[in-house]
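Let's have the full structure, built from the sequences with the hints guiding it.
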Amino acid sequence: MGVRTWLGSIGASTPLGSWPVYRQLTGADRLGRGAAAQSPRHVGLRPRTASADRVAGSVCPFCAVGCAQKVYVRDEEVVQIEGDPDSPISRGRLCPKGSASLQLVTGPQRLDKVRYRAPYATEWTELDLHEAMEMIADRVVAARERGWQERDAQGRRLNRTVGLAALGGATLDNEENYLLKKLFTAMGAIQIENQARI
Amino acid sequence: MNRLYGPLDDVAGDAGHVEHPPRVGFFTDTSVCIGCKACEVACKEWNAVPEDGLDLLGMSFDNTGMLGADSWRHVAFVEQPRRTAHQDPAFAGLPTGPSGIPETAGAVEPRLEAAPRGGSELGTNPLPPGGPEPQELGMPGFSRPGDLTGPESRTDFRWLMASDVCKHCTHAGCLDVCPTGALFRTEFGTVVVQQDLCNGCGYCVSGCPYGVIDRRQHDGRANKCTLCYDRLGDGLEPACAKACPTDSIQFGELDELRERADRRLAQLHDLGVSEARLYGRDPDDGVGGDGAFFLLLDEPEVYGLPPDPHVPTRDAPSMWKRAGQAAAAFLLAGAAAFLAGGRR
Amino acid sequence: MNSDCIVIMGSNMAEAHPVGFQWVMEAKGRGARVIHIDPRFTRTSAVADTYVPIRAGSDIAFLGGVIRYVLDNDLDFREYVAAYTNASFLVSEDFADTEDLDGLFSGYDPRTGAYERDSWYYEGTEPPRDDDGSRAKTFSEPFQAGASGAGVAGAHLAERDPTLQHPRCVFQVLKRHFARYTPEMVERVCGTPQEQFLDVCRAWTTNSNRDRTTALVYSVGWTQHSVGAQYIRAGAILQLLLGNIGRPGGGVFALRGHASIQGSTDIPTLFNLLPGYLAMPNVAHTDLDAWMADQRTGGHKGYGYDVDAYMVSLLKEYFGDAATPENDFGFDWLPRIDGDHGTYRTVMDMIDGKVSGYFVLGQNPAVGSAHGRLQRLGMANLDWLVVRDLNEIETATFWRDSPEIETGEIVPERCRTEVFLMPAASHVEKEGTFTQTQRMLQWRTKAVEPSGDRRSELWFAYHLGRLVRERLAGSTRERDQPMLNLAWDYATEGGHDGTGEWVEPSADDVLRRINGYDLTTGDLLPDYLGLKADGSTSCGCWIYSGVYAEGVNQAARRKSHTEQGPYDAEWGWTWPMNRRVLYNRASADPEGRPWSERKKLVWWDADEGAWTGYDIPDFPRNTPPGHRPPEDATGPEALSGDDPFIMQPDGKAWLFAPHGLLDGPLPTHYEPHESPVRNPLYGQQGNPTRKVYGRPDNPSNPAPPEAGSEVFPYVLTAARLTEHHTAGGMSRQLPYLSELQPALFVEVSPELARERGLTHLGDAHVVTSRSAVQARVVVTDRMAPLRIDGRVVHQVWLPYHFGHTGLVSGDVVNDLFGVVEDSNVFIQESKVATCDVRPGPRPRGPALRALLDEVRAAAGITVETGTRIATAPGVAHTEEGS
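Residue numbers (the numbering used here), protein chains in the order written: chain U, 1 to 198; chain X, 1001 to 1344; chain H, 2001 to 2882.
Please note: incorrect hints may appear among the correct ones.
Which chain H residues stay away from chain U? Per the calculated CB distances, all over 10 Å, these [unchecked claim]:
id, residue
1, Glu2409
2, Leu2529
3, Val2552
4, Pro2696
Chain X stretches covered by chain U per the calculated footprint, using a threshold of three residues with CB under 8 Å from any CB of chain U [to be verified]:
id, region
5, 1032 to 1038
6, 1224 to 1232
Hints were generated in silico from the structure; no laboratory data involved. From the three backbone atoms N, C-alpha and C, an ideal C-beta is built for every residue, glycine too.
Dropping the structure here:
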């Protein structure tokens, strides 16, 4: 049995087969710079997108070009966001901001809990979400009353409140803006504006 | 087989990949780069490369500075008081004075000198070749700006942008000097660091003729562009090339990219852009040609690229020869000494 | 992409819209010429064929010069102009131009700062009753005309001269109006050397004809001016004269800056609009008929006439079964506006103690709105503030770390504002549509459930409505009836809070209701053509009707562009009715034939008896080119076969706007509110109708002929960087973006650096009468001085993304700007002001206020400074009590 034959017989059945020196001696990569040097971890390496449970079709949240995104989800976590090559607008490309979408969505800067600053307080405190909603609803009703205007000086119908105002919408969905405008209008609140004015 | 320099048709085969896909790479056409840096961000997002410092460098819009362990893509910005053939003079007829570029370069220079490594990590060099000496800027001028309409007023201007990356050389200095096998040639012909094998010795850092590879500060391991080795495994293009809005970064089979680059170069030359040139395209260069090569609009030095890179191992055979001569000489000397002593 | 020449002006497209810019680069690669006209040499200029410098705030002078060049050299697309525009219409004998009145049009009233517009009408038409410019100015009426065009009574009866020779025809009026916009004048006003200006003229005109088209691209570099609407009018006039509207490769492209800013205008969170650009009722609208009459002030032609069907269908969606013919479909439940309720007015009302509560939803006014100090002082004087955002932004923390804390103007222990900071769901944690900049709705599917307290705005609005309705339940008060009768029965789906009372509302159901239903059958409507005014249809936004045609969410379609035609009709859905190119009837000649084979888009197919083409024809499908309607026809039936501009009351594009604008029927160069120079064109310095807020907390820098302008000798402009997003709330918090542009800097030319002793990378502060902002100096050849009216003028530029929180921080650049607005649309002038630049860091704390007192005194600034908007009569427009 020559050395080579011996190496071959154990190489097939033992971890020695993955020993680079072994592969270097037996394979075509005599200088040990390619196949022989490849660690097991790097053999058949696949991208994390390949193991996603699902891919959601989305749209970049930054500017108004409307680049299509693919959102890769594994174990209910977003693991990658990149351009969708099918889009006739963007053809899969993204600018630096769009390319940072993963960090935008999953980064530690994201707020996770309601923060509350009481009048005259110098620090935030925590507040339960549903309790916050109830508190806000109370305040909305009161502000609406306080700013109510039935008629103007000439007796013309105003039927409105100037007690509460809103700003925002250019980053929201159409459906969200629709409900906000509808709700504000029904409450008689008129000072609702967004970035389109700015 | 197993050559260390010169042209090489089958890099992956040479590295022992018996059946392998065609060699792939990047062709970066800097003439359409808009300097958006999407490549830098897409690369970092995909490869989870850490943030690399929050310093305003003053090198035009470049705040990355150079390629390194935490910057695998780097967009260089070069402001020059000259113009490309197809562009009209930007400031003709305006009441301009002399260019401020030498002065801004003068202000940036000390910072660059303080950089941890000299040479290639300059990233972008805002100094135009042959430009005037830096002047002190900070004293109000004696002439009113509108007065300066003579020969020294600036009319021409251009702003070059180029996304730099690891060249994935045909003969990769980093790989050749790596003692642990952490660096290896993939079946795609690219060069990748295997973090599980890297011991942080740093030989590769000095082995790279472009100053690309670097050690990460927190663990000392070498890092650089992998050409998204994992994505290639699934038939995806690397993150930077996919994101690039204007297709300045093109990914593909190297042979095809070289043809595409030749066509683009001819097109630009036809348009009169005679300064356009390819960099890293030539298999006869000092690294056997780059897997990632470029179309530039000026000398490579202007972009912070070495004009004539060569792999350290190119000199290895002659070095061995010299070492052999030295050893022989030593032996001879020893023998001579022995003989001399024996005569005694 | 189909363009032969692309002119980018008022936009830094490569930096602000990089992915959209791929199409410009592709066109350039195929031989199109790209021209960038901008105060700064930007990354867009770097790859353009031609960069043309211009002074910020002088674009109308430039465009007026190009218009003059076109008219003087007979380079207009005459067949197109004669057939499709109002060039042949005669203007009233009473009309007087800026040529006659030194920069004013006829009808100006210096006391109100507004025009009586009766004299601007066509010969033979009646101005609408109650056409009071000063009233219209109070609530931004022109904005209300959004999608449907402004009305002109009997426009189809107007006198016309098809030869375009009559001295009072629009074509000749236009010629006279722009006669003084010569290349020499352009150079004097804009600082653009004549040769470069003429080069642009030649490129634009040689690339605009039957075979060639030029596209015009603008962004907020045009809108954020006190003459902003007229900038766009000037661009539109030029493109109409050259036949570049409704044709492939032509057009005027407004590049908008936020994911759904187009959507938030279409479905407005804006005070003076209801969905689909329907006017918010005002005090004069005693009932639905009165409102309707006002909307039809004249137009009997085109789709704008069907406004009754749109409004009634909206009311049916709002109030459901409670909206009946008997109660005017609930019209009286709508609140009435009677003046300015815009965001800046509201902020001043906060300071004045008139507002109790404020919702800020995905916006960061403490940084992103003009006059940041005013914004923050307003918020510090509220009862409560609700901020909903992804991250902790400056608007939420004004009580803790705003610059006014340092100056002592806000003391946390004495600031009563209660603040709720609520985490919002991100774009991948909810589903819904964004409308992008070319009117395309694209649906996003939900990738993951939001964690913790993160919720969608849909959830927030829905539950806030539910809770308020609970609190008002049983009320018999009239004011509570709209809330109690509100159709708030949206479908829900299990969300983060499960299926209980905090369930997630269904965005899909909301979109269906926006699309609208036939209430007699319960079917989703195929498009807006089926809307009725009798209460038998409901529709939340008429222009979006069709987005759910055939029961399919059309916005969710994602057929690859590689598998469909050039107009990609099966990707998303574009309003109206999935048309990509608006007014594309104009791509064919009056007989319905394409102007050229190369620019073919939509044409008349005589065999089919229908319009056909690559895009969906924007015209009544079966109306032949030669059709002439009967005299008594109304609405779409009144359109002639050669009336491509189907939303206009006369079917024609308006070179001259007899109605609809408050500051003139034609664009006129006025100097910005703050300018270092006297207007070289007219005695009238600035826009005589601009909206000023003369208050001590909103000072203006003086502009000639007022004294003191030399204290602020430089032109200031601000804009975006590619690497950050607007007020930074979505970028300064991210390491990968922050490292790319880590600090606030100010760009100056080498000449200005020498003049002011500024050193590269050193500190400097930019000073206006509002604030001083510190920034690192970047000396660059990209900035160049201009020669304006014989003197050298420097411009300085800063990116406006920075604030005090986030990974990278800096002073708020918007603090430098005051509030002065375009009277048509109430958009503030934040693209140009005047300033000084001084070396070194700015003073801090109370010393900052002292510095500002000092510069205001040096410039002689009082509350009246800048408020004399009519230069000659000089009436100050200040607020009561100021």
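Hint check results:
1. Glu2409: holds, 16 Å
2. Leu2529: holds, 21 Å
3. Val2552: holds, 15 Å
4. Pro2696: holds, 22 Å
5. 1032 to 1038: holds (count 3)
6. 1224 to 1232: holds (count 4)
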